[in-house]
Structure formats: structure tokens, C-alpha cells
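Turn these sequences into a full structure, and let the hints guide you.
Here is how the chains run, residue by residue.
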Amino acid sequence: MAARPEGDLTPVLTADGVRRAFGDTVVLDGVDLAIRPGEVVALLGGSGSGKSTLLRVLAGLDPDAAGAVHRPSHLAVVFQEHRLLPWKRVADNVSLGLSGADVRARALSALEEVGLHGRGTAWPAELSGGQAQRVAVARALVRRPRLLLLDEPFGALDALTRLRMQQLLHRLHQQHGFAALLVTHDVEEALLLADRIVVLEHGRLVESIEVPLAHPRTPDDPAFGALRRHLLGRLGVSV
Amino acid sequence: MTAATGTAAHAAVPALDDTAPAPVAARAGGRRWQRAVTPLVLLAVWEAAARTGLLPPGKLPAPSDVLRAGYTLAADGTLTTHLLDSLHRAAVGLAVGSVLAVVLGTVAGLLRLGEDVIDPPVQMARMLPHLALVPLLIIWIGIGEELKITLVALGSFFPIYFNTYAGIRDIDERLVEAARTCGLGQLARLRHVVLPGALPALFLGLRLAIGAAWLSLVVGEQVNAQSGIGFLMMEARDFMQTDIVVLGLVIYALLGLLSDLLLRLAERRALTWRRGLKAT
Numbered sequence: 003m004a005a006r007p008e009g010d011l012t013p014v015l016t017a018d019g020v021r022r023a024f025g026d027t028v029v030l031d032g033v034d035l036a037i038r039p040g041e042v043v044a045l046l047g048g049s050g051s052g053k054s055t056l057l058r059v060l061a062g063l064d065p066d067a068a069g070a071v072h073r074p075s076h077l078a079v080v081f082q083e084h085r086l087l088p089w090k091r092v093a094d095n096v097s098l099g100l101s102g103a104d105v106r107a108r109a110l111s112a113l114e115e116v117g118l119h120g121r122g123t124a125w126p127a128e129l130s131g132g133q134a135q136r137v138a139v140a141r142a143l144v145r146r147p148r149l150l151l152l153d154e155p156f157g158a159l160d161a162l163t164r165l166r167m168q169q170l171l172h173r174l175h176q177q178h179g180f181a182a183l184l185v186t187h188d189v190e191e192a193l194l195l196a197d198r199i200v201v202l203e204h205g206r207l208v209e210s211i212e213v214p215l216a217h218p219r220t221p222d223d224p225a226f227g228a229l230r231r232h233l234l235g236r237l238g239v240s241v
Numbered sequence: 115m116t117a118a119t120g121t122a123a124h125a126a127v128p129a130l131d132d133t134a135p136a137p138v139a140a141r142a143g144g145r146r147w148q149r150a151v152t153p154l155v156l157l158a159v160w161e162a163a164a165r166t167g168l169l170p171p172g173k174l175p176a177p178s179d180v181l182r183a184g185y186t187l188a189a190d191g192t193l194t195t196h197l198l199d200s201l202h203r204a205a206v207g208l209a210v211g212s213v214l215a216v217v218l219g220t221v222a223g224l225l226r227l228g229e230d231v232i233d234p235p236v237q238m239a240r241m242l243p244h245l246a247l248v249p250l251l252i253i254w255i256g257i258g259e260e261l262k263i264t265l266v267a268l269g270s271f272f273p274i275y276f277n278t279y280a281g282i283r284d285i286d287e288r289l290v291e292a293a294r295t296c297g298l299g300q301l302a303r304l305r306h307v308v309l310p311g312a313l314p315a316l317f318l319g320l321r322l323a324i325g326a327a328w329l330s331l332v333v334g335e336q337v338n339a340q341s342g343i344g345f346l347m348m349e350a351r352d353f354m355q356t357d358i359v360v361l362g363l364v365i366y367a368l369l370g371l372l373s374d375l376l377l378r379l380a381e382r383r384a385l386t387w388r389r390g391l392k393a394t
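For the record, the sequence lines run as chains Y and R. For what it's worth, this note's numbering labels the leading residue of the first sequence as 3, then goes sequentially. For what it's worth, this note's numbering labels the leading residue of the second sequence as 115, then goes sequentially.
Accuracy of the hints is not assured; some may be wrong.
Stated by the list, open to error - No farther apart than 20 Å at their CA atoms in a straight line, the calculated lysine to any residue pairs in the SDA-like style are these:
hint : chain 1 : residue 1 : chain 2 : residue 2
1    : Y       : Lys90     : R       : Trp387
2    : Y       : Lys90     : Y       : Leu100
3    : Y       : Lys90     : R       : Leu304
4    : Y       : Lys90     : R       : Ala302
5    : R       : Lys173    : R       : Phe353
6    : Y       : Lys90     : R       : Lys173
Stated by the list, open to error - Listed below are several chain Y residues computed to face chain R (Cβ distance under 8 Å; list not exhaustive):
hint : residue
7    : Leu63
8    : Ala78
9    : Phe81
10   : Arg164
11   : Ile211
12   : Val213
If you're looking for bench data, these hints aren't it; they were derived computationally from the structure. Note that beta-carbon positions come from the ideal geometry of N, C-alpha and C, so glycine has one too.
Here you go:
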């Protein structure tokens, strides 16, 4: 994908005053967020803090939310579960909703990019959890998104697979330059991948910190440890 | 006790569990041969009992006599004519019943308004045993072909309606949401997510419906039929031709068996994705 011109700072996504209540319970109480082109933002928050609700609002999946959201037309979502259609072969899942003569080729090359070369004709039921999630990433990638929304995408995977998927996501981001919002409860994952980390608490974004670490990042870097302690403290865990 | 449960579980495997891995299926194939022994022995005992005069031929003729009666009727074309008439009634009735059921079940499953309008009367009508409607239907539509076709349509409607409705309702909402994020509009979601997702339930409904259709046909053909397998049996009863009566029963059973087999084949082809694990 072509590199974006320097100085293009028009956000790919802006959200102003997003509110969402379920009955009397206010989950989002005025969230403002802007994501720059190519920026990876991690959204941290404890369980039940409304992270996934916010992502659904940003993705345009929640018609009952209040507030203004401007999202790009090229947007893709990866959920915690792979959500592949069991009755479509892998390649058809990837190209779902796309049209054009080269769709098949694009789907296959997206599969190759996530390391699933030659699995295009497999059924989703034949894949392992990690492979299925790779297909979900390929399904997002093939849409050439300007913004990728990821809702705890690796939360259901085992620790080793999760590490590999984090590396994969980082590599794809380097190559394609999409902006991403990564919803996670995993502080290390956020620190490994994000340019900026925002913390959601009581329905508001209470903190936004840049992560000044150079890639490749490792958890044994002292600066990494300091940020990790700070964020965990913010989430109410003392270390 | 343990052996009995084991047998029951194995018997259920070929019919219900399509995801069974290959080795189990192969073992079930071996067992299937063993399962044919008892019916064959019973058949032999029946034949022997009839031949030795233990069974009066007027009450129950020997299997070979039934077979011969069938051959005679088939040779002069009588059997084919009647069989085609019966098949025609079943096919038309089933087509009418299932089209109505799929359309109404889809509307009720997809739209809240559709559910409110369609579902209550269907639920109420379901409580009526449709075969008990015969006297009323005779008053309404007479004793001709319409009666037979209506009965078949009524019998096949309910299982397909309920399974279409349930199949659509059971679709994982998260898949529909994922399809939305992939840019699929309402019609495309219907085509790529809802209908394929409801297909397994639809097949189940169709299998139940075919059973109900044959049953309805048996009853319908005993009311003033001029042709068909049921007519053949009623006529044979009047002339005390027990062999043809039994032949009719055998044909009804074979029709049921054959249609179920064909449908299971079609199901296996259409739902390959469910056997995905078996393919590897």
C-alpha cells in the first residue's frame, strides 16, 4: 500500500461525546477519541469497562448509541471469535462481500500473507483456533482497510499462538500502514503493539499516553517495565 | 445393560451423527450387515409358516406370493399407473405444502411483524390432527384429487414451517454482525448467512415432512380413490386378495424408505461443510 504523505494528520476516525446506556446503566459517558492515519491505538480497560461496547459503536454496529462518529469507508473488524461462516470455504469467507474479477486472487494472497498459503479450499471447521483467527485477519486485510478495529482478537488463543499473532499483526501493520484500534485487557500486548494507549474507566477515557519505545519491543526493556507498572496501577493492580 | 446402550448408540450413528469420523463409520458398516440377520430370519420363518399352512393364505400370504402378485401387476402395467398416480399426489402436495411452509416460516423467522401475524394461527392449527379434518375437507372440497393433495400438503406444512422458523432463529447473531462489517446488505446477508445457516434445519423439516406426506397419502387414498396404491389395496380387500393388500403395504414402506434415502443423499451433498472434520 502506498505510503501516506507526510503531514497528513486528518484523523481516520473521530468520535465526539459517545454515550451509551443499557437501561439505567451508563456504560459510555462521553468518549472522545481521534485516531491518526497509520496510528495503532490500544484501548485498555478492566473487564466490564465498556471497551467492546465502544468498539461496536465505532464500528457502526450499535444504532442506539449517542454521539458523533466519523469513520472511514474502508474499515474492517476482527472479533474475539473468528466469526467465519462455517458453510463457506476459507477463501470464500475471506472474499465475503467483495466483488470484482480479481477477488479470488486477492483473497488467496491475503491468506498467504497471514501464513495460510494453500488452505483456501479448507472448511473453517478444519482449522485450529489460531488458523481460524488468521483467516479472520485475512478477511479484514483483503478489504484494504484504512482503519482496523480489533476486539480482543487474540484473547481466546493460547499463549504461544497469541505471541505469534501479535508479531503477525505488527508485521502486517508495518507493510500496510493501516490505522488500528486494539481493544485489549492485556497490558503487555498493548505495550508491544501500540503507538498510543488509552485507558477506559467508568465510561470515560481517563488517560492517553504515547509509547515512545522503538520496535522491536521486549518486555525486559526497563522503560517497558516502568510503563507496564504505571498502566497496571492505572487499572487498579499494584505491582 | 452396557451392551444394550452400546447397540443403541451405534444404531444412532449413521442416522444422526454426520460428523462421525471414518473408522466409526466403517465399523458401523460391518455391524449393519449383522443387523440384517434378524429381518431375514423373520422373513424365512414367515415364508415357511405360510408354505406349511400354519398361516392361512387368506389372512397372510407367503412373501413369495406377495412378490409374485407384484410381478404380475407390474408386468401388465397396472402397478406403474397406480404408482405414478400416488407419486404425483405426493409430489404436488409436498411441493404446495413445503413452498408455503418455507415462505411463511421465513417471514415469521425474519420479521417481528411476521411472527406476530403468522405464528399464533399456525401454532393453533398445529394442535388439530390434520387427518381428523377429513370429514370437514370432504364437505369443503369434495372427494376428488384435491382432497388427497390437500391432505399431503397439510401434513408436510407443519414440520417444514417449524424447522424453517427455528433454523432462522437459531442463527448465531454474531455471524450476521460479522457479515455486516464485511459490507453485506440485507439481501446479501439473507443469501450468504441466513439461508445457508437455516439449511440443516430445513432438511430435518423436509425429512419429517416426507414421512407425514406418505401417511397423509395413505389416508387420503382410502377415500373414494379411483387410482393409486391405496385404491389398489381397497379394491383388493373387496376381492379378498390379501397378497395385493400386503403388496400395497410393502410399496408404501419402500416409498418411504427410498424418499428418505434420497433426501439424506441430497443433505450430505448440500451440507458438506458439516463434515469438514471428516474430510481431513
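These are the hints, each one checked on the structure:
1. For the hint pairing lysine 90 of chain Y with tryptophan 387 of chain R, the CA-to-CA distance comes to about 7 Å; that is within 20 Å, so the pair holds.
2. With a C-alpha separation of about 14 Å, the suggested pairing of lysine 90 of chain Y with leucine 100 of chain Y holds against the 20 Å cut-off.
3. Distance hint between lysine 90 of chain Y and leucine 304 of chain R is fulfilled; the C-alpha atoms sit about 14 Å from each other, no more than 20 Å.
4. Note on lysine 90 of chain Y and alanine 302 of chain R: the hinted pairing holds, with a Cα-Cα distance of about 14 Å set against a maximum of 20 Å.
5. For the hint linking lysine 173 of chain R to phenylalanine 353 of chain R, the alpha-carbon distance of about 13 Å falls within 20 Å, and the restraint holds.
6. With a CA separation close to 57 Å, the supplied pair lysine 90 of chain Y and lysine 173 of chain R exceeds the 20 Å bound.
7. Interface hint status for leucine 63 of chain Y: upheld, as the beta-carbon distance to the closest one in chain R is roughly 6 Å, under 8 Å.
8. Taking 8 Å as the C-beta contact cut-off toward chain R, the hint placing alanine 78 of chain Y at the interface holds, the least distance being around 7 Å.
9. Proximity of phenylalanine 81 of chain Y to chain R holds as hinted, the smallest CB-CB distance being about 7 Å (cut-off 8 Å).
10. Annotation: arginine 164 of chain Y was flagged as interfacial toward chain R, and the flag is violated, the nearest CB pair being 21 Å apart, outside 8 Å.
11. With a cut of 8 Å, the hint placing isoleucine 211 of chain Y at the interface with chain R is violated, because the nearest CB-to-CB distance is about 29 Å.
12. Residue-level restraint check for valine 213 of chain Y is violated (minimum Cβ-Cβ distance to chain R is 27 Å; threshold 8 Å).
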